[in-house]
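A.B. asks: First residue of the sequence shown: 0, per the numbering used here; consecutive thereafter.
Just so you know, the hints here were simulated from the structure itself, not pulled from any lab data.
Positions of the beta carbon are idealized from the N, C-alpha and C atoms, including for glycine.
Take these hints with a grain of salt, some might be off.
DSSO-like mimics (lysine-lysine), calculated; alpha carbons at most 27 Å apart, straight line [claimed, not checked]:
(1) K20 - K209
(2) K95 - K47
(3) K209 - K219
(4) K219 - K182
(5) K47 - K18
(6) K93 - K135
(7) K207 - K18
(8) K20 - K95
The calculated label-pair distances, taken between Cβ atoms and stated as ranges, are [stated by the list, open to error]:
(9) G169 - E33: 25 to 33 Å
(10) R227 - I96: 16 to 24 Å
(11) R217 - K18: 46 to 54 Å
(12) G193 - L44: 34 to 42 Å
(13) E88 - H172: 35 to 43 Å
(14) L149 - D80: 37 to 45 Å
(15) G193 - M55: 34 to 42 Å
(16) D80 - K18: 22 to 30 Å
(17) S110 - S223: 36 to 44 Å
(18) T43 - S215: 36 to 44 Å
(19) M55 - E108: 31 to 39 Å
(20) K63 - K118: 31 to 39 Å
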Amino acid sequence: YCFRKNELVENPDLFKSEKAKVLSYLIEHPEINEVILSGGDPLTLDDKILFDHIAMIAEVPTVKYLRFHTRFPVIIPERIDQGFLTLLESLKEKFKIVTFVLHTNHESEISEDVLKNLKMIQELGIKVLSQTVLLKDINDTKNDLQNLFLRLAENGIQPYYLHHPDQVRGGMHFGLSLETGRKLYNSLREYLPGWAIPQYVVDLPEGKGKVSAFNSERIKFEGSFIDRFGQHQDYSSQIDKLASQPDQL
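Could you build the full structure based on these sequences and the hints that come with them?
C.D. replies: Next up, the structure:
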């Protein structure tokens, strides 16, 4: 359900180190004030390699914010060890804000071990958020999502994103229509306080950015979104058609 799955399969050289190129780009674009460490999961790297990458980013004075997106606290809670906590502690001197975003899709993933390790991150003064992918037959009921978001919020973890699933080869059996997702999201607004409801978003292809998937005017999807550049993007054939025909991708 993550679009990067396709990239990893089709382009195995995608994540080869190009540190000089990245550093030069950040310096030439001072409008970039945040760097996100995301999939492939940054916590697959050992602490030394991870620190070396981050130290390079910290050399750019206009980058003030650093964000981790990871699923490791759920799949391997032991990865949040003292070495990693020490690394996080050191980053507070390099960036104004460090944010840790947990990827979790169901309340059953939030064990006491997961909460214990996330609590240690919170005690460093680092904000912990969550992101979730809406998945058919996994968490596509009001109770599933309500229970997940309340458990997170009750433990100081702010629900941040609920993603409509991307079109991913081999993952379209998780797909569902945007109309179905909007109805479900609207039902959450009746039962959850505002601070426990994440943003429901679609990640547009070709780097056009995340846009709100919920339309408070109507549930029916009319086929296009306004991207982050203010342009209309035709998306009808890419969401609802493929969600009903998963074998086509």
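A.B. asks: If a hint holds in the structure, say so; if it does not, say that too.
C.D. replies: Hint check results:
1. A threshold of 27 Å between alpha carbons decides the hint, and for K20 with K209 the separation of about 25 Å falls inside it, so the pair holds.
2. Only pairs whose Cα atoms come within 27 Å are accepted, and K95 paired with K47 is accepted, the gap being roughly 22 Å.
3. Only pairs whose Cα atoms come within 27 Å are accepted, and K209 paired with K219 is accepted, the gap being roughly 19 Å.
4. For a cut-off of 27 Å, the pair hint linking K219 to K182 stands: about 9 Å separates their Cα positions.
5. In summary, the hint linking K47 to K18 is supported, as the alpha carbons are separated by about 15 Å, within the 27 Å threshold.
6. A hinted pair counts as satisfied when its Cα atoms are at most 27 Å apart, and K93 with K135 does not qualify at roughly 41 Å.
7. Restraint check: the Cα-Cα separation between K207 and K18 comes to about 24 Å, which is no more than 27 Å; the hinted pair holds.
8. Between K20 and K95 the CA atoms are separated by roughly 24 Å; this keeps the pair inside 27 Å, and the hint holds.
9. The hint said 25 to 33 Å for the Cβ distance between G169 and E33, and at roughly 31 Å that hint holds.
10. Range check, R227 to I96: Cβ separation about 21 Å, and the 16 to 24 Å hint holds.
11. For R217 and K18, the Cβ-Cβ distance of about 47 Å falls inside the hinted range of 46 to 54 Å, so the restraint holds.
12. With their beta carbons about 36 Å apart, G193 and L44 fall inside the hinted range of 34 to 42 Å.
13. As the Cβ distance of E88 to H172 is approximately 42 Å, the hint placing it in 35 to 43 Å holds.
14. For L149 and D80, the hinted distance range of 37 to 45 Å is not satisfied, since their beta carbons lie about 29 Å from each other.
15. With their beta carbons about 38 Å apart, G193 and M55 fall inside the hinted range of 34 to 42 Å.
16. The given range of 22 to 30 Å is respected by D80 and K18, whose C-beta atoms sit roughly 26 Å from each other.
17. Under the hint 36 to 44 Å, the C-beta atoms of S110 and S223, about 41 Å apart, fit the expected range.
18. Range check, T43 to S215: Cβ separation about 39 Å, and the 36 to 44 Å hint holds.
19. Checked against the hint of 31 to 39 Å, the pair M55 and E108 passes, with Cβ atoms roughly 32 Å apart.
20. At roughly 26 Å, the beta carbons of K63 and K118 sit outside the given window of 31 to 39 Å.
Against the hints set out earlier in the document, violations occur for numbers 6, 14, 20.
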